[in-house]
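Q: Two independent chains are provided; combine them into the complex using the hints.
Read top to bottom, the protein sequences are chains E and P. For the first sequence, my numbering assigns the number 110 to the initial residue and increments by one for each residue that follows. For the second sequence, my numbering assigns the number 124 to the initial residue and increments by one for each residue that follows.
Simulated from the structure, these hints should not be mistaken for lab results. Don't take each hint at face value.
Claimed, not checked - Beta-carbon label-pair distances, calculated as ranges:
#: 1; chain 1: E; residue 1: N175; chain 2: P; residue 2: L130; range: 41 to 51 Å
#: 2; chain 1: E; residue 1: G164; chain 2: P; residue 2: E215; range: 22 to 32 Å
#: 3; chain 1: P; residue 1: V161; chain 2: E; residue 2: R242; range: 41 to 51 Å
#: 4; chain 1: E; residue 1: G206; chain 2: P; residue 2: V195; range: 21 to 31 Å
#: 5; chain 1: P; residue 1: Q141; chain 2: E; residue 2: G208; range: 17 to 27 Å
#: 6; chain 1: P; residue 1: E154; chain 2: E; residue 2: Y203; range: 23 to 33 Å
#: 7; chain 1: E; residue 1: D226; chain 2: P; residue 2: V195; range: 39 to 49 Å
#: 8; chain 1: E; residue 1: I229; chain 2: P; residue 2: A162; range: 43 to 53 Å
#: 9; chain 1: P; residue 1: Q151; chain 2: E; residue 2: T205; range: 20 to 30 Å
#: 10; chain 1: P; residue 1: L130; chain 2: E; residue 2: V173; range: 43 to 53 Å
#: 11; chain 1: E; residue 1: K139; chain 2: P; residue 2: V214; range: 21 to 31 Å
#: 12; chain 1: E; residue 1: E114; chain 2: P; residue 2: I142; range: 18 to 28 Å
Quick reminder that beta carbons are idealized off the backbone N, C-alpha and C, glycines included.
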Amino acid sequence: MSDGERIEVGTDQDVVRVRQLVRTVAVSVKLSLVDQTKLVTAASELARNTLVYGGGGTVEVARVDNGRRRGIQIVFADQGPGIADLELALTDGYTTGGGLGLGLSGARRLVDEFLIDTSIGRGTTVTVTKWCR
Amino acid sequence: MERVPILKLGEILLVSIQIDMEDQVALQLQEDLAERIVATRCHGVLIDISALDIVDSFVGRTLATIASISRVLDAETVVVGMRPAVAITLVELGLSLPGIRTALNVELGMELLARDASFDFEDAASMAVDEAVDEP
Numbered sequence: 110m111s112d113g114e115r116i117e118v119g120t121d122q123d124v125v126r127v128r129q130l131v132r133t134v135a136v137s138v139k140l141s142l143v144d145q146t147k148l149v150t151a152a153s154e155l156a157r158n159t160l161v162y163g164g165g166g167t168v169e170v171a172r173v174d175n176g177r178r179r180g181i182q183i184v185f186a187d188q189g190p191g192i193a194d195l196e197l198a199l200t201d202g203y204t205t206g207g208g209l210g211l212g213l214s215g216a217r218r219l220v221d222e223f224l225i226d227t228s229i230g231r232g233t234t235v236t237v238t239k240w241c242r
Numbered sequence: 124m125e126r127v128p129i130l131k132l133g134e135i136l137l138v139s140i141q142i143d144m145e146d147q148v149a150l151q152l153q154e155d156l157a158e159r160i161v162a163t164r165c166h167g168v169l170i171d172i173s174a175l176d177i178v179d180s181f182v183g184r185t186l187a188t189i190a191s192i193s194r195v196l197d198a199e200t201v202v203v204g205m206r207p208a209v210a211i212t213l214v215e216l217g218l219s220l221p222g223i224r225t226a227l228n229v230e231l232g233m234e235l236l237a238r239d240a241s242f243d244f245e246d247a248a249s250m251a252v253d254e255a256v257d258e259p
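For reference, chain P alone in the conformation it holds in the complex (with noise of 0.2 Å):
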């Protein structure tokens, strides 16, 4: 079975979800994500969607718990990327992803987790792409 990969960044996890995951891969990006958290006691989750064109309600419940989880263990979930079409077919599927926090990019989803979190940003923005650190 496939894995998604977990990777530290600064104090955030970053997840970016490259493959058309089965059922079980996405459970186990679950339970990977919790543990990592403690291990890494990281307070922010960014989850990059972007590569997926689709998000079924598997996924859709998946991602909702994933943010869940995360909130009791003290870590924010970001879901970022989510393609337009992605989103126009979850609202119409009946899914409209309350609870879950989503930003348009990386970027903008680092910011967002920085806003609202007191933990030291800098080592993560100046891993970030450029663009990120560079506005004046």
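Extracted from the complex, chain E is given alone in its bound form (with noise of 0.2 Å):
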């Protein structure tokens, strides 16, 4: 990893600001056009998450490269309640935040690598990277 930025999550106008810097590394590492949009709209998803149920946070953006391909890794943290059944808020159409229930199984969807780091009273991290193709 490296060059990272990092963006302190605790306003809806943070979620645009991560929306934005995503965007601009994405275009960067030369994602392709759907490739930048699935991205930048799971940055969305977990961005919001972030500050919905983990009460803010911080979402750090970085360019990475594995000696084949570069691309993009983002790792969102915050010290929230933690999830207590990780299957079932990755499930479909599942939410305790009166959303859709899309947020963190549909970004899962659009990015290549989805890590999820959660324990109950301390927080979740969740760590998406997509590569070029």
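A: Okay, structure coming up:
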């Protein structure tokens, strides 16, 4: 990971800033237009989760290179209540927040790699990666 | 907070979303539109999203809610101008926007509204871009 940029997420406006930063980095590593759109959409869902369910947190966006391909990695971290039933939370249509229940499950479909680390009372960290084709 | 303008074009309310909306801005648009539909007695709402480079689940849900509210207030909503990459992403996200009528651009959206409504389309059409009315 290199030259990461970090945004504190505490308001709606910060979610917009996350979208804009991810878009800029996605263009700079030359993701295709469809992949840019998928990644920015996933980032929007996950940053909103950080805000709404995590009570705010941080988002870090970095360029990555695995020797064969370039890509972007984004880490969404909060110190919120954590997710009690991860499998349920990743089910389409399940929500505790009055949304559509597509944020977490949908975001997972839009990226290449999706890691989630959560513990009750300690918070949740979601790491996603999208690689150039 | 920014606000999305709502224009009255003949019997149609035209909304062209040109900014990356905060969630609150989307909710405000929902309220503003409901009020304008009642105040203007318009029967058609056209929402142009051609400037949006993403539609996430929040904006998708807001569009669906706007369409439902409009219907209850006797107005039809057509969402126009969705970019291909946005359509691909929305469907993969799991949102196929059932209940929302769509058209590829503003002209086609106006035709759609005109076709199934009995309101006088002349005023709106004459104000629209020339190609819309110049067709033989």
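Q: Next, verify each hint and record whether it holds.
A: Results of checking the hints against the structure:
1. N175(E) - L130(P): 41 to 51 Å: Given a distance of about 49 Å, which is inside 41 to 51 Å, the answer is holds.
2. G164(E) - E215(P): 22 to 32 Å: This hint holds: roughly 29 Å between Cβ atoms.
3. V161(P) - R242(E): 41 to 51 Å: Given a distance of about 49 Å, which is inside 41 to 51 Å, the answer is holds.
4. G206(E) - V195(P): 21 to 31 Å: 25 Å, holds
5. Q141(P) - G208(E): 17 to 27 Å: 25 Å, holds
6. E154(P) - Y203(E): 23 to 33 Å: Given about 28 Å between the Cβ atoms, the range holds.
7. D226(E) - V195(P): 39 to 49 Å: With a Cβ separation near 44 Å, D226(E) and V195(P) satisfy 39 to 49 Å, so the hint holds.
8. I229(E) - A162(P): 43 to 53 Å: 49 Å, holds
9. Q151(P) - T205(E): 20 to 30 Å: 25 Å, holds
10. L130(P) - V173(E): 43 to 53 Å: 45 Å, holds
11. K139(E) - V214(P): 21 to 31 Å: 24 Å, holds
12. E114(E) - I142(P): 18 to 28 Å: 22 Å, holds
Every hint from the earlier list agrees with this structure, and none is contradicted.
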